[in-house]
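K.L.:
Work out the full structure, taking the sequences as your base and the hints as a guide.
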Amino acid sequence: MLGAAIPFYILSFLVLFFAYKTITSPNPIHCALHLAITMINLAFIFFGLNSPFIGGVQLVVYAGAVMVLFVMVLMLFDLKTEVRAFSRGLFSSFLKVASSGFLAGILIVGVLMSTDMLDVTSDSVGVGVKATSSTDIALLLFNQYVFAFEVLGLLLLLVAVGAVAVSRIPGGTHAND
Amino acid sequence: MGVDLFEITVNLVKMIFIFVMMVNAVPLLVWVERRGSAFIQNRYGPNRVGPLGLVQLLADAVKFIFKEEFVPGKGHRLVFYLAPVVALIPGALAFAAIPLSMPIELGEFSQIPLGLFTIDLGETYGPYRFAFQGYEIGIGIVFVLGVSSLAAYALLMAGWGSANKYSLYGALRASAQTISYELALGLSLVGILLLFNTFNFKEIVEIQSQALTFSFLGSQMTVPYLPNWGIIYQPVGAIIFFAAMFAETNRLPFDLPEAEAELVAGYHTEYGGIKMNMFYIGEYGHMLVASALMVTFYFGGYTLYPFFTPETVNQFWSETMGLTGNPVALLSSLSLHLVFMVKLVIFLWVFIHVRWTLPRFRYDQLMDLGWKTMLPWALANTILTAVVILIMRAAWS
Numbered sequence: 001m002l003g004a005a006i007p008f009y010i011l012s013f014l015v016l017f018f019a020y021k022t023i024t025s026p027n028p029i030h031c032a033l034h035l036a037i038t039m040i041n042l043a044f045i046f047f048g049l050n051s052p053f054i055g056g057v058q059l060v061v062y063a064g065a066v067m068v069l070f071v072m073v074l075m076l077f078d079l080k081t082e083v084r085a086f087s088r089g090l091f092s093s094f095l096k097v098a099s100s101g102f103l104a105g106i107l108i109v110g111v112l113m114s115t116d117m118l119d120v121t122s123d124s125v126g127v128g129v130k131a132t133s134s135t136d137i138a139l140l141l142f143n144q145y146v147f148a149f150e151v152l153g154l155l156l157l158l159v160a161v162g163a164v165a166v167s168r169i170p171g172g173t174h175a176n177d
Numbered sequence: 001m002g003v004d005l006f007e008i009t010v011n012l013v014k015m016i017f018i019f020v021m022m023v024n025a026v027p028l029l030v031w032v033e034r035r036g037s038a039f040i041q042n043r044y045g046p047n048r049v050g051p052l053g054l055v056q057l058l059a060d061a062v063k064f065i066f067k068e069e070f071v072p073g074k075g076h077r078l079v080f081y082l083a084p085v086v087a088l089i090p091g092a093l094a095f096a097a098i099p100l101s102m103p104i105e106l107g108e109f110s111q112i113p114l115g116l117f118t119i120d121l122g123e124t125y126g127p128y129r130f131a132f133q134g135y136e137i138g139i140g141i142v143f144v145l146g147v148s149s150l151a152a153y154a155l156l157m158a159g160w161g162s163a164n165k166y167s168l169y170g171a172l173r174a175s176a177q178t179i180s181y182e183l184a185l186g187l188s189l190v191g192i193l194l195l196f197n198t199f200n201f202k203e204i205v206e207i208q209s210q211a212l213t214f215s216f217l218g219s220q221m222t223v224p225y226l227p228n229w230g231i232i233y234q235p236v237g238a239i240i241f242f243a244a245m246f247a248e249t250n251r252l253p254f255d256l257p258e259a260e261a262e263l264v265a266g267y268h269t270e271y272g273g274i275k276m277n278m279f280y281i282g283e284y285g286h287m288l289v290a291s292a293l294m295v296t297f298y299f300g301g302y303t304l305y306p307f308f309t310p311e312t313v314n315q316f317w318s319e320t321m322g323l324t325g326n327p328v329a330l331l332s333s334l335s336l337h338l339v340f341m342v343k344l345v346i347f348l349w350v351f352i353h354v355r356w357t358l359p360r361f362r363y364d365q366l367m368d369l370g371w372k373t374m375l376p377w378a379l380a381n382t383i384l385t386a387v388v389i390l391i392m393r394a395a396w397s
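Respectively, the protein sequence lines represent chains A and B. Note that the numbering used here gives residue 123 to position 123 of the first sequence, counting from 1, and the numbers run on in steps of one. Note that the numbering used here gives residue 386 to position 386 of the second sequence, counting from 1, and the numbers run on in steps of one.
Just to be clear, a hint being listed does not mean it is correct.
Pairwise CB distance ranges (calculated) [what the hints assert, rightly or not]:
hint: 1; chain 1: A; residue 1: 21; chain 2: B; residue 2: 349; range: 37 to 47 Å
hint: 2; chain 1: A; residue 1: 99; chain 2: B; residue 2: 356; range: 48 to 58 Å
hint: 3; chain 1: A; residue 1: 159; chain 2: B; residue 2: 49; range: 53 to 63 Å
Over 10 Å on every C-beta distance to chain B, these chain A residues come out as not near it, computed from the model [as the list claims (entries may be wrong)]:
hint: 4; residue: 36
hint: 5; residue: 47
hint: 6; residue: 53
hint: 7; residue: 58
hint: 8; residue: 76
hint: 9; residue: 138
hint: 10; residue: 159
Anything over 12 Å on all C-beta distances counts as not near chain A; from chain B, calculated [what the hints assert, rightly or not]:
hint: 11; residue: 9
hint: 12; residue: 13
hint: 13; residue: 23
hint: 14; residue: 42
hint: 15; residue: 51
hint: 16; residue: 54
hint: 17; residue: 107
hint: 18; residue: 160
hint: 19; residue: 186
hint: 20; residue: 280
hint: 21; residue: 319
hint: 22; residue: 383
hint: 23; residue: 396
Worth flagging that the hints you see were computed from the coordinates, not collected in a lab. The beta-carbon is built from N, C-alpha and C at its ideal position, and this holds for glycine as well.
P.N.:
Structural data, given as structure tokens:
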């Protein structure tokens, strides 16, 4: 058990560290690279937790495709002004850290409060063990978790609509007026 | 990792051995590439240093290590230094996950016979099962695809960290090309997944080590003397996969990222010495992975049905040669490894031959080929395979 726990804690620490660096780095490209490292670490945590398929998909989709596109687009733009805007002032960086801490706090409290609802003690890696093959994952997704799966799809649609709305604002997210 | 010290040691040595194997294949491949290109273009190639110019590689390595290293003035130091290291990782990780031969199943043993004398170990070890690969992962295909899709980062980091417009152009082209062709690559593999019903390399190879067997309208058909290879079921998928793999390795005819006529040398313009050599190792590592995947998916992996399958090789070493116990397991695994290596070398030669035969694409031709030709064909191949498998495997009675 200890042999599996040590890599898990090392990887978790790395995930938290690089996620923190993603938020606080002054340079957007460094942010994107840190986020990519976070994704890769997350994939390897999944490998360690007996869910190799999810880990592999995490690598292919997020680290391999989405983040490469992000990095590419960021490199295409000349972000010299962004660099200054990102690192300006103690107050704004304090706000950034505080808001991320606030969100992390919400997450932690949510997990702590929902441990009674989730049946954690009896079968803590139940889903992971069941979902080792792609057939099992497909069956789980389209039987047991079909509602959550569809709601996630709806959420993605919302994000797409939101992105279109943001791009319609003249000047983008950094409009002065 | 293993239950006792012996198993853990062997597993660690195996991982290091496979990495060293990949790195050491590079100078040999460079030599083959230079001599091969000379052969194709009717020249001599390197033939002065050592027999057939083989020691040229050693001289090159020494030169690479002792060259002056520098960072461009406005470059990003950390990113610039990290990029060559990152370039090594995808190839190494992916190559270690591909089975190079069948697993070695060792029984219990207490001494190691070494020809004239034997080493007595004192206690009994075993039984063990050593996979002939760096590490076994159940979902081999997804892992290899995921890891090799990380190769784009090395190019992007190199291009951006150099603070050079040519480098950045090369990096952008490279990542756009990688992302475009990854779609066709992934889709062309779906046919193989549907056919063999597994993500595991070992199982795929085991299915391919029999005679050609398929279900035809519900009844089982067997064609003797023909291997059950993927290429027989998926010729279109194989062609698309091979072409997409060329694009992933950034070699001619897809080497726009380093098109020297337009971009000096693309993303590694600013690199010299051992750092540029590391990009080369990454590229050749990708080539090795591509050839190994091609062999594993479409050409029977480490087996060659009528002659070299796990059963026939075992039979040869135990019955014809009269051996028993652990030497049989070791020798049959090694013989199948040789079969794999021969196939691998054939595909590596195809890679080299294509590089020195075809001209480079124009950028719009590259994108047209990726999005308008290969992607629709791969999609059609997937749908057709699914429909045919559904009809053929249904219970018609």
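K.L.:
Give a verdict on every hint.
P.N.:
Going through the hints against the structure:
1. A:21 - B:349: 37 to 47 Å: holds (45 Å)
2. A:99 - B:356: 48 to 58 Å: holds (57 Å)
3. A:159 - B:49: 53 to 63 Å: holds (60 Å)
4. 36: violated (7 Å)
5. 47: violated (8 Å)
6. 53: violated (5 Å)
7. 58: Not fine: 8 Å to the nearest Cβ puts residue 58 (chain A) too close to chain B.
8. 76: At roughly 7 Å from the nearest Cβ of chain B, residue 76 (chain A) sits no farther out than 10 Å, so the non-interface label is violated.
9. 138: holds (12 Å)
10. 159: holds (20 Å)
11. 9: The claim stands: residue 9 (chain B) keeps its Cβ more than 12 Å from every Cβ of chain A (closest is about 16 Å).
12. 13: Holds, because the least Cβ-Cβ distance between residue 13 (chain B) and chain A comes to about 19 Å, which exceeds 12 Å.
13. 23: Residue 23 (chain B) is indeed farther than 12 Å from all Cβ atoms of chain A, at 22 Å.
14. 42: holds (41 Å)
15. 51: About 43 Å separates residue 51 (chain B) from the closest Cβ of chain A, which puts it past 12 Å; holds.
16. 54: Residue 54 (chain B) is indeed farther than 12 Å from all Cβ atoms of chain A, at 38 Å.
17. 107: holds (26 Å)
18. 160: Non-interface label on residue 160 (chain B) violated, nearest chain A Cβ at 5 Å vs cutoff 12 Å.
19. 186: violated (7 Å)
20. 280: holds (22 Å)
21. 319: holds (38 Å)
22. 383: holds (18 Å)
23. 396: Given that every Cβ of chain A is farther than 12 Å from that of residue 396 (chain B), nearest at about 23 Å, it holds.
When held up to the earlier numbered hints, the structure conflicts with 4, 5, 6, 7, 8, 18, 19 and fits the remainder.
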